[in-house]
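*Asks:* Going by my numbering, the first sequence opens with residue 1, and the numbers climb by one from there.
Quick caveat, the hints were computed from the structure, so don't treat them as lab data.
On a predicted model such as this, the values are computed, not experimentally measured, just so you know.
Be aware that one or more of the hints could be misleading.
Claimed, not checked - Derived CB-CB ranges, DEER-like:
(1) Thr-185 / Cys-575: 53 to 63 Å
(2) Thr-606 / Phe-666: 19 to 29 Å
(3) Asp-245 / Glu-69: 22 to 32 Å
(4) Glu-329 / Lys-455: 39 to 49 Å
Each residue gets a CB set at the ideal place from its N, CA and C atoms; glycine is no exception.
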Amino acid sequence: MTQRRILVTAALPYANGDIHIGHLVEYIQTDIWVRFQKLRGQECRFFCADDTHGTAIMIRARQEGRSEEALIADVREKHIADFTGFHIEFDNYGSTNSEQNRKVCHEIWSALRDAGLVHEKEVTQLFDVQENTFLADRFVKGTCPKCKAPDQYGDNCDKCGSTYTPADLTDPISTLSNTTPEVRTANHLFVRIEDLHPFLEEWTQSGQHLQTEVANYLKGHFLGDPLRDWDISRPAPYFGFEIPDSPGNFWYVWFDAPIGYIASTLEWCEKTGADFDRWWRNPETEVHHFIGKDITYFHTLFWPAMLKTAGFNLPERVHIHGFLTVDGEKMSKSKGTFVKAATYLNHLDPACLRYYYASKLGPRLDDLDLNLEEFIQKVNSDLVGKVVNLASRSAKFVADTGLSDSYPDDGGLFEYAASRSETIAAAYEVCDFNGAMREVLALADRANKYWDDQKPWELKKDESRQAELQEICTIALNLFRQIIVYLTPVLPQLSEQTGELLNDPVTNWEQAQTPLTGTLVNKFQHLFKRIEEKQVQAMTDEAKAEAEATATEAAASEWNDTGDALTQEPMSAECTIDDFVKVDLRVARIVAANSVPEADKLLQLTLSLGGEERRNVFAGIKSAYNPEELVGRLVICCANLKPRKMRFGTSEGMVLASGPGGKDVFLLTPDEGAVPGQRVH
RNA sequence: GGGGCCGUAGCUCAAUCGGUUAGAGCAGCAAACUCAUAAUUUGUUGGUUGCAGGUUCGAGUCCUGCCGGCCCUACCA
1 MTQRRILVTA ALPYANGDIH IGHLVEYIQT DIWVRFQKLR GQECRFFCAD
51 DTHGTAIMIR ARQEGRSEEA LIADVREKHI ADFTGFHIEF DNYGSTNSEQ
101 NRKVCHEIWS ALRDAGLVHE KEVTQLFDVQ ENTFLADRFV KGTCPKCKAP
151 DQYGDNCDKC GSTYTPADLT DPISTLSNTT PEVRTANHLF VRIEDLHPFL
201 EEWTQSGQHL QTEVANYLKG HFLGDPLRDW DISRPAPYFG FEIPDSPGNF
251 WYVWFDAPIG YIASTLEWCE KTGADFDRWW RNPETEVHHF IGKDITYFHT
301 LFWPAMLKTA GFNLPERVHI HGFLTVDGEK MSKSKGTFVK AATYLNHLDP
351 ACLRYYYASK LGPRLDDLDL NLEEFIQKVN SDLVGKVVNL ASRSAKFVAD
401 TGLSDSYPDD GGLFEYAASR SETIAAAYEV CDFNGAMREV LALADRANKY
451 WDDQKPWELK KDESRQAELQ EICTIALNLF RQIIVYLTPV LPQLSEQTGE
501 LLNDPVTNWE QAQTPLTGTL VNKFQHLFKR IEEKQVQAMT DEAKAEAEAT
551 ATEAAASEWN DTGDALTQEP MSAECTIDDF VKVDLRVARI VAANSVPEAD
601 KLLQLTLSLG GEERRNVFAG IKSAYNPEEL VGRLVICCAN LKPRKMRFGT
651 SEGMVLASGP GGKDVFLLTP DEGAVPGQRV H
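Could you put together the complete structure from these sequences and hints?
*Replies:* This is the structure:
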């Protein structure tokens, strides 16, 4: 068989959040496929990177008061730790914010320009002045211009169903800053992808590169009409790469993100001295992308169009998978089913999830359900009960003797399992891991039955039949090892441990064809622990607690409260309740307010505490309030403050207000229902 | 609002191009066994294929409508 050269990518995780068990469906699936190819002896490399650009990252960095670079470096570290924890092994993990990516972006951009595909159009968008950014539709809320329903998003009304542009909204509000955005126009760059329509028609419909559902979807929804121009630029400010021949404009994140696949390869080539063109400009290299169904559009239309124009390898296959549900529902933070990779690893072995996903993944794009009860049952029953149990029940009988020197007659069991090799491999090849797991587990069933039929535990008692016992164990352990070879892409760690147990590491798929004989067998240690229900419970509990903590934080950050005020005027020393009750705070009504002409800052207020009780108070609020607007309103005053003689008269109390002074003075007002004279407790 | 995918046993999934009596695994039930991490082996229960129509000699599969779930939604379909 000639060696294939295969370049594999998984979608780039966005550097704006943690990896969770939903993401892992894709990374585990891809990693299994890559490990399978490598085990089969193919020249296979797996590239990924963090997707780091765009408005969301820019806004989050601002909110956290640090640079985008600091944010993405931080997230990158966490992402890599999560992937490592789940035994997901990349040949290179890059970043879209790298010099390599900038270089490849330039190259592809020049190609698009040279092909005459780029042109400029004016685009009108809302602009958030405070946040200094253009607003995507989802960042704008306002009142529907048709039905007047309040609180609708920028593109359509979910009350009356009418669609419009954000600029049509009555009273638009930026959800980023709660301020009113203004309408601004900017020049955007567009790619006329319609020029590649015939190519895309051919490429998507050839049956070679896409699942049929996907091909049909594209045919029915995009390819039947002229393809729309793709808006590929965003005006400053934007976190990304500035477009070289269009100063002030940046490439839209979806332009440079998939280019990250190529850039990550380039980075790897620079590190290892590999030949870049051999991987990306060579018809013998197969490029395989693994993605979720949500980003089909970008990977099956724009991406091939870009590659085609720039003369890179086209994807041999885009493998599209569905989404994860937990217990039949969308992952839910409040139910504790929104589980981060790191949270999972605090409680459970990554191999469990790898196996469970493998046992449920098929070649189609159906959603995958993580049923927590089934998860426990399946892992315990399949991996512990059937597979590992084979070693567990046989290894100790041959701890002293090792395996027989020649492979005994097993009635064709090993040969049969060896003959399943290509069927199992074919299932892996088309990502029918579910089918592959079924095949392998059927082999385990046969092996367990063989063991039961032979009843070796009876031989143990008969001194004269020890050779027979060794033979049965040799068979059982070889059938076990064969299964482990087949499971190596899914369970690399178990495979490694098995290699240690039998003193023969698993390095190649073909090892399933030849029995192992004459080696020593090490002392058996548990290769795998059963999942306890309480571990899963503890995991969901932690996920729930995490979600609650972040919800509280999010609620606070929604108001964009900074710590500035507190910093400028630090907290006073602690006081007792006794200290506090000495201060008699009362609700008061301002019944008269006059300017004090000779004073710069003071207004003279007459406060009523109800009945006949009056106070004359001089308040330093002249620069913030007009006397007329104060008359009649309720305020809070300190009523038992020792009267103080001032130049203009005696002040008999104090009106409560916050703010640094000058124009920034904010009087306290009690809520509706308060009446003058009430004490504030 | 528009659009896509899906709905088969208690659970998770099969079923070629429309073709015989809709199949597996897990769970459940019964038994055997005791080497093994309460593991294993044998037998077995379980179905009006979401609902209502239609096309056909024949429908899980094709068509229409409805119900439910998931997902997408770019100045668009």
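*Asks:* So, for every hint listed, does it hold in this structure?
*Replies:* Hint by hint, here is what the structure shows:
no. : hint                          : verdict
1   : Thr-185 / Cys-575: 53 to 63 Å : 57 Å, holds
2   : Thr-606 / Phe-666: 19 to 29 Å : 21 Å, holds
3   : Asp-245 / Glu-69: 22 to 32 Å  : 25 Å, holds
4   : Glu-329 / Lys-455: 39 to 49 Å : 47 Å, holds
Every hint, counting from the list given before, is met by this structure.
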